[in-house]
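S.K.: Spelled out from the first residue to the last, the chains are:
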Amino acid sequence: MKSVYRVLAYLIALGVVVQAASMVYAIAGLGIWVDEGGTFDKAAFESDETLFPEVVGFMIHGMNGMMLIPLLALIFLIVSFFAKVPGGVKWAALVLLAVVVQVTLGIFGHENAIFGALHGVNALLLFSLAVTAGMRANRPATTPVSSSESERELV
Amino acid sequence: MSSRLRLVLACLATAALLAPLTWFWTTSLLPEEYSVMDMGYADYGGGPAAELQGGHTGMDPGTHAEMGAGGTSIVALTADQERRADVKVHLRAEKREFELASGREVDGYTLNGDSPGPVIRAKQGQLVEVRLDNESVPEGITLHWHGLDVPNAMDGVAGVTQDAVLEGDSFTYRFVAEQVGTYWYHTHQVSHELVRRGLLGGLVVTPRGDDPADVDALAVVHHYGGHRTINGDEGDVSVAAASGETVRVRVVNTDNGPMPVWVSGSPFRVLAVDGTEVNEPTMVNGESVLVTAGGRADLEIAMPDDGSGARVEMGGSAAMVLGGSRTDVPQADAPETFVDLLSYGSPTPPDFDPSNPARSFEYVIGRRPGFLDGRPGLWWTINGHMYPNVPMYMVSEGDVVKMRIENNSGEVHPMHLHGHHALVLSRDGVEATGSPWVVDSLNVADGESYDIAFVADNPGVWMDHCHNLPHAAEGLVAHLMYAGYTTPYMIGRSQNEPE
Numbered sequence: 010m011k012s013v014y015r016v017l018a019y020l021i022a023l024g025v026v027v028q029a030a031s032m033v034y035a036i037a038g039l040g041i042w043v044d045e046g047g048t049f050d051k052a053a054f055e056s057d058e059t060l061f062p063e064v065v066g067f068m069i070h071g072m073n074g075m076m077l078i079p080l081l082a083l084i085f086l087i088v089s090f091f092a093k094v095p096g097g098v099k100w101a102a103l104v105l106l107a108v109v110v111q112v113t114l115g116i117f118g119h120e121n122a123i124f125g126a127l128h129g130v131n132a133l134l135l136f137s138l139a140v141t142a143g144m145r146a147n148r149p150a151t152t153p154v155s156s157s158e159s160e161r162e163l164v
Numbered sequence: 011m012s013s014r015l016r017l018v019l020a021c022l023a024t025a026a027l028l029a030p031l032t033w034f035w036t037t038s039l040l041p042e043e044y045s046v047m048d049m050g051y052a053d054y055g056g057g058p059a060a061e062l063q064g065g066h067t068g069m070d071p072g073t074h075a076e077m078g079a080g081g082t083s084i085v086a087l088t089a090d091q092e093r094r095a096d097v098k099v100h101l102r103a104e105k106r107e108f109e110l111a112s113g114r115e116v117d118g119y120t121l122n123g124d125s126p127g128p129v130i131r132a133k134q135g136q137l138v139e140v141r142l143d144n145e146s147v148p149e150g151i152t153l154h155w156h157g158l159d160v161p162n163a164m165d166g167v168a169g170v171t172q173d174a175v176l177e178g179d180s181f182t183y184r185f186v187a188e189q190v191g192t193y194w195y196h197t198h199q200v201s202h203e204l205v206r207r208g209l210l211g212g213l214v215v216t217p218r219g220d221d222p223a224d225v226d227a228l229a230v231v232h233h234y235g236g237h238r239t240i241n242g243d244e245g246d247v248s249v250a251a252a253s254g255e256t257v258r259v260r261v262v263n264t265d266n267g268p269m270p271v272w273v274s275g276s277p278f279r280v281l282a283v284d285g286t287e288v289n290e291p292t293m294v295n296g297e298s299v300l301v302t303a304g305g306r307a308d309l310e311i312a313m314p315d316d317g318s319g320a321r322v323e324m325g326g327s328a329a330m331v332l333g334g335s336r337t338d339v340p341q342a343d344a345p346e347t348f349v350d351l352l353s354y355g356s357p358t359p360p361d362f363d364p365s366n367p368a369r370s371f372e373y374v375i376g377r378r379p380g381f382l383d384g385r386p387g388l389w390w391t392i393n394g395h396m397y398p399n400v401p402m403y404m405v406s407e408g409d410v411v412k413m414r415i416e417n418n419s420g421e422v423h424p425m426h427l428h429g430h431h432a433l434v435l436s437r438d439g440v441e442a443t444g445s446p447w448v449v450d451s452l453n454v455a456d457g458e459s460y461d462i463a464f465v466a467d468n469p470g471v472w473m474d475h476c477h478n479l480p481h482a483a484e485g486l487v488a489h490l491m492y493a494g495y496t497t498p499y500m501i502g503r504s505q506n507e508p509e
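Heads up: the sequence lines are chains F and H, in that order.
In this text, residue positions in the first sequence follow the numbering used here: the first is 10, and each later residue adds one.
In this text, residue positions in the second sequence follow the numbering used here: the first is 11, and each later residue adds one.
If you're looking for bench data, these hints aren't it; they were derived computationally from the structure.
Just to be clear, a hint being listed does not mean it is correct.
As the list claims (entries may be wrong) - Only some residues are given here: those of chain H computed to face chain F with a beta carbon under 8 angstroms:
1) Ala23
2) Leu388
3) Gly420
Backbone N, C-alpha and C fix where the C-beta goes; we use that ideal spot for every residue, glycine too.
Next up, chain H with everything else stripped away, as it sits in the complex:
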């Protein structure tokens, strides 16, 4: 073969290899700024398509101008502006070096000088007002109320429900604490980094009447510098409790992966999951509870009569010791089995009828090689599509929505839906037979699939994403959008980066 021909062939072969790669690379690049309303494709779930002009327009530069042409802006979705606040909180966010309760030095972020930030407490029905001042966080900050179905404009997602609060600025959140239970709050601006480095805190809503438990302990679990802490303290954290008393331990997993929780020295009951009370919980002995990333579990431990205490083991590397310093309860080995919430407790009719959903969506998580905003790698897919070509789940207010979440990606994903609580109907085809299992953060292991249902009763634009925050930053994010509503906010490198 002549060397000229060979050279030509070589160049052609090179072009054949590089051309498609270059094309994929180019088409993966994200615009400088974009609205979630222009992202991906609208998925109507078999229900009627949105009739109003405003709303999802698809990733098409020409239609950008149509945005806001019709429909209500979510900016209007706030709590009652006239009502006076019952609980007022002032949070000042700083980027600084600080000392944990354990004495360890951390270079991160604080709220009012601490991390975790102050616990926000309210009684059911009270209006909570939180003024957030960004004193020195150069990345910007918002606050998202994880698990609370607040009005959309108060949801705290930068680029979707508000602009990130820049350094020197402030933002006031107001919402009614309608749901009783254990929750937490964290930033939703550059969340994959700033939550890890300290911008979080616990939030507890108690019922109007007296609390049935004698002792109520909150355990906000978070890793700092690779070390697991409970409320910022490492190792064993003591909680005073006398023999015969009942203790309610509220476990909050603020990390990016699931955590097994078990109790040494005593059986226990699971009182609530993600804030929703379990109906007729039974005694658990020798099993763990899996608390997923972002999720919460409230455990009830009856202190033994003989004065020995109990330990609530957080993954084995930290524990909440109940019973004060006299306690000498040995750490029990991690149980091999988990409480199966699908069949735990007793059934009771749910507060809506999931049998005839107006919309039926699929959220199938996979993984494939490709480019993400120009970066090559192995990236997450939703229904076969990589970010930003992800589905926008369209609903109308009042719809009963069914969603099947399936995970074929090789890794566990803790899935979190903003603004709503979903009822788990089945897992891997097995129907739920226990107390209604209601979640806002669901642990979807590799190979698992869940059918969940919820009512679209909170209008706005809501994130539905993996709460392993680095995964969310890699594009494992979708949105739920109500017909007739628009958001004026944009995601972009210049200001708003929710993940």
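Only chain F is shown next, with the shape it has when bound in the complex:
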């Protein structure tokens, strides 16, 4: 169970990496599209077709961010109930909270770009929380005891 906890934590961290990469990939592609004479407006964007190849980055960001990562975070929390990682439930809960904040900021970023900026900052926080939680699952459950103490227990 501990390794499941650890894997999930790092998967979430990986998810954040995918989010960052896909968004910049899409925006870079948009810049190139415009540079080469393309036009990007709401009617074109909503026409559901591939305006330029990198537009898939927006879709990956949306699906990964709103479905996959939240699902992983939820499973992560449930696994933490069973995993016996020191502080495991607390860290999983923090990760889930950060995911909720992240999705909320992302949605509000559509109305006010400042929330988009905060979305970028919170991503780093979420990444850190996920990695920290994963590392906690590496630690042994108890601190090493001195040889005399372990002798006493064996008796």
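Assemble chain H onto chain F, guided by the hints.
M.R.: Frame of chain F, contents of chain H only:
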């Protein structure tokens, strides 16, 4: 803490998390087949509740049998069956690969071999008869006459006003072209995909007398494969017009988002919006007109006397060039301001009195996480409810209806009401002061609210939905229903999927 206790607690915590989620998931699942009459909750808008037995029954499996117990079936709401057609059109729908006028290959759908399909033209008062043959569209097809207030049985909404026309079948639409102006037609079966992929065309109704414009040009704007086209052609589309002539350009936005339109090389006037003429339109210079998804705008351009032409810019990525090949008008930058239709033109008394509405509805668009037919996500809400628990706006024939549309969802929604035209009374609390702004497709931006009013003078069951068709497929759909009328049709995965 003992490990057994810990295990029990862990299981309880898991159950506490998963139980509500499972419950929400289960209750969101749609039945295999359902009638719009059983959907959501009846909203009477403060007016009298429907007295007849037939009509809205609420989402209750037991009352399904009551459907059709009383009230007139909308199947009877057709045009005069005896009258001979003045305009006869035969449309054959196919699923196939085709070539646009620009030469680009598209894998989509055609009507009579083309997309956009043939333009249907009629004079005011003529009876139009369109025979639709589904030759090879496996998804099924209907035709909806966007902006025309036709009899309900001719409205072309699969699962509401008819069954979708299956492959090999055919359906005949008949309606009188009472409204003059620019319209379009498109399928309303799996519309979010098949309209995008080509099942659409333009429709123009001209007045009985002569047309005042010297040149009349229709610009059906549609994106194919990510490329904007005008009547299927990419880039610059030429229209011949001599110096001194007036040109009426009918712009139709068939895509899912609003499009700014401006004119390079000449001032212009907005003659009509969504088919309704503007009263005393003034000259526009250096401003754009925002044509919303599904909406139309007719512009009048007087060709410059010096022989230089003009360009009607469709969002900047395509243009209708007026004046033939000698034209060398540079593309003007997109203006930063838009013509405000709330104050454009001169006021004139509307043809009904909106001051004492019999019904007053709210259509507040929001967004929240939840399950839509079992799918998790962030979904649209109407008055706080997700599909299918949306309001069914109940009216009686003759009612003056007021509706407040408010958008708090974070995205723009082009709202389209079937079968009726609505007068915009105010936007964000500011009253309309220009020519009566009458719409069937209204661009409601995020944070905006509109008060509109219309007369319930066309009985039946009518869709009132976002014309960003993927949004409609995600449940941003409500209906307007007349007391005393029922529909026998059902929406279901097996045949009818209007969105």
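S.K.: Return the numbers of the hints above that this structure violates; sort them in rising order.
M.R.: none
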